[in-house]
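> Read off the chains here:
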Amino acid sequence: MDFALVWFTLVTLLWTGFFVLEGFDFGVGMLHGLVGRTDTERRLAVSSIGPLWDGNEVWLVVAGASMFAAFPGWYATMFSGFYPALILVLAALIVRGVAVEYRGHRDTPRWRRNWSILLTAGSLLAPLLIGVALGDLLHGVPIDSNQEFTGGFVDILTPYGLYVGVTVAVLAALHGSTFLALKVADPIRGRAHAVSLVLAPIAAALVVGFVVWTQSLASGWVPGVVLILAAVGAIAAAVLVQMRREAWAFTATAVALGGTIAALFVQLYPRVMVSSTNSAFDLTVQNTSSSPYALKVMTIAAAVFLPLVLLYQGWTYYVFRRRLTLADVGEGL
Amino acid sequence: MSTVDLSRFQFAMTSIYHFLFVPVTIGLAVLTAVLHTAWYRSRDDGYLRLTRFFGTLLIINIAVGVVTGLVQEFQFGMNWADYSRFVGDVFGAPLAIEGLAAFFLESTFLGLWVFGWGRLSPRLHLVTVWLVALGALLSAAFIMAANSWMQHPVGYQLANGRAELTSFWAVLRNPVFLWAYTHVVLASLVTGATVMLAVSAWHLLRRSDADLFGRTAKLSLTVLVPGALLAMFVGSELGVVVTKYQPMKIAASEAQWQTCQPCSFSLFQIGGGNRDETPTKVIQIPHLLSLLATNSWNGQVQGLNEVNAQYQQQYGPNDYVPNVFVQYWSMRGMAYTAGLLFLLALWGGWLLRRKRILDARWFNRLAVWAVLLPFVMNTAGWMLTENGRQPWIVQGLMRTSDGVSGSLGTAAVVTSIVTFGLLYLILGVVGWALMVRYARRPLGPAEPTPEPDERRPQVATY
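Residue numbers (the working numbering), protein chains in the order written: chain A, 11 to 343; chain R, -8 to 453.
Misleading hints may appear alongside valid ones.
Unchecked claim - Per the computed footprint, the stretches of chain A lying under chain R, defined by three or more beta-carbons under 8 Å from a beta-carbon of chain R, are:
1. 86 to 97
2. 109 to 122
3. 179 to 190
Rather than coming from a laboratory, the hints here were simulated on the basis of the structure. Given the structure is predicted, the values throughout are model-derived calculations rather than measurements. Idealized CB from N, CA, C, for every residue including glycine.
Using the sequences and the hints given, assemble the complete structure.
In structure tokens, the structure reads:
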């Protein structure tokens, strides 16, 4: 068995899973101040992700650790090369995570407002910057023959990377609004729908642009299946939001966002990080992967634990499936 | 300062900070699960109120632990890229498996537990809190397996310019891992129990719900007395294992420049630090160092100079002596705070037997302030472990100065130190203030015993 390919697939799945799940958490964070006018309504919006966001964020932790374990060369070059961007990503994730947990712990308007601002900013910044980083993998950054990043901060800000960042951030916002429309009762439900109506066409246009631009970076002219899937998801989302089919619209935004992320990785393969210096210096699955034995050990662990994770996380979503109403956040702390 | 020094400073800062929260999480998760179990068995409202009270403290603490854990994982690649390339094959596996097997478990079931009141059946709900505790304990196991490999690399071969895993089983059977993990779990239980004791003592002094906080004072002391004793015992056994594989670490922590036999233990001395081989030993206990380091009355302990000469032969010219001052005082900081905690626990245990704990004003006053001790103890313990490994990043295989990212400039590291420093400072103040605020609140009312009901309002903490 080609364990390196197995792990490239798993890394792709973990990043995709992270965005499909944590994507709507980001969206809810970005939009909670917009769809909730009073503090109670905002708390209701945040409560919709309350039991879920922490487990969703672990997908990022495991995606990162899997890159470290399965492709140490990729992990090392990417994380040291994107250093300044990752400081911001971490700061955003820290601020946002604490904001979700601490916002409700004191009942003063100033406390709530400050955490709301931090929650909004962190939830916007995190997907935007991670999107830039993932886009850069495919666009290419300066890497020398020793797999060492040789650029500076400006080299991370590639036009393609920035475009992917914006696309991912808008998709996350839309994913959040379709989630809120599905998960929370009026008046938030209606307002989230109104937000979706605005965002869905923008997201669809961005994803179509992403498909075209990504395809132009590739060799062949036939767009990949996953790229097409992302575009279909984004366009379907725009139509389904219009038709107010809440569950289907949420499914479509999941496909659009997940498809966009997965497409980046599929387009990369067998490379994992493109060198803009010289294509001979590209980081690939082969020249960055761990030894077959290490990969085999981890494959066994993943085969045992990943299905279990899917099972109990799926069950969590089942337990908290009910639509939340204002009565759920009634009397304060 | 070079990028190596700056990166070391950053790693020390973020790791020490992260580990202020981790042991509280592990300890309090277990203790909260015990309280929840007591309620499940007795259906006594008092235990339900205590469970929710300490559960809230646990959640506030976990929030910071989780987000600072992200930094821990990212900065291997960010600051230590060459280290990551060299060890990823071995070191990465336990980290990835930690995420898959433990962190997912802990985080997912934490959400289920916090929001599961009245939504899950009482039995299933009880299972969720134990899975949170299990996740936290398992998570620490994989992290310690990875760390122990840096102290004593096993189950690998050098090939393709890096360390490659040859036996995962050997990594898990590493003697340093087995002892160090047990030591960390015990220290975490001691930390959680001390926090619970301090909070209970604060309420006992004010006679708020004295009968109920008397129960948690009793529970915490029941854990603390054997926990502190075992932590010290296991720590001393770990010392024996370390003497075998990292003699430099032990020699430095005793500021023992010359090889000795038998060796006395220096309780307090002036000087003896870097390059000072003639300290003024103020108090010494004969034979104690031999006993601690080798488990024998007249055991020989190698001195810094001898190990240094041996390493120079083996690895080439260099200075292999870590910072002796830091090493000597972190050893004592850890051991003395642990000793104080144990004495306090014994005093509390004696009061408990005499049934005088509820009115023991002096004990309770001290117990409140004792909450600071485990944090000093844990921090000193990690400084002892990590500083003592220097100049190696992986003992005998890679030097710290060779592990840092090649593409990294000092400006970038300084920026990240300032960013995380400020962020952590604010988080620390806010988190601490919230902890204190909630710890001082009276117990919540006895809510009607929740029966599982789909339509019941979700108890929101947001």
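> Does each hint fit the structure? Answer for all of them.
Tested hints:
1. 86 to 97: holds (count 10)
2. 109 to 122: holds (count 7)
3. 179 to 190: violated (count 0)
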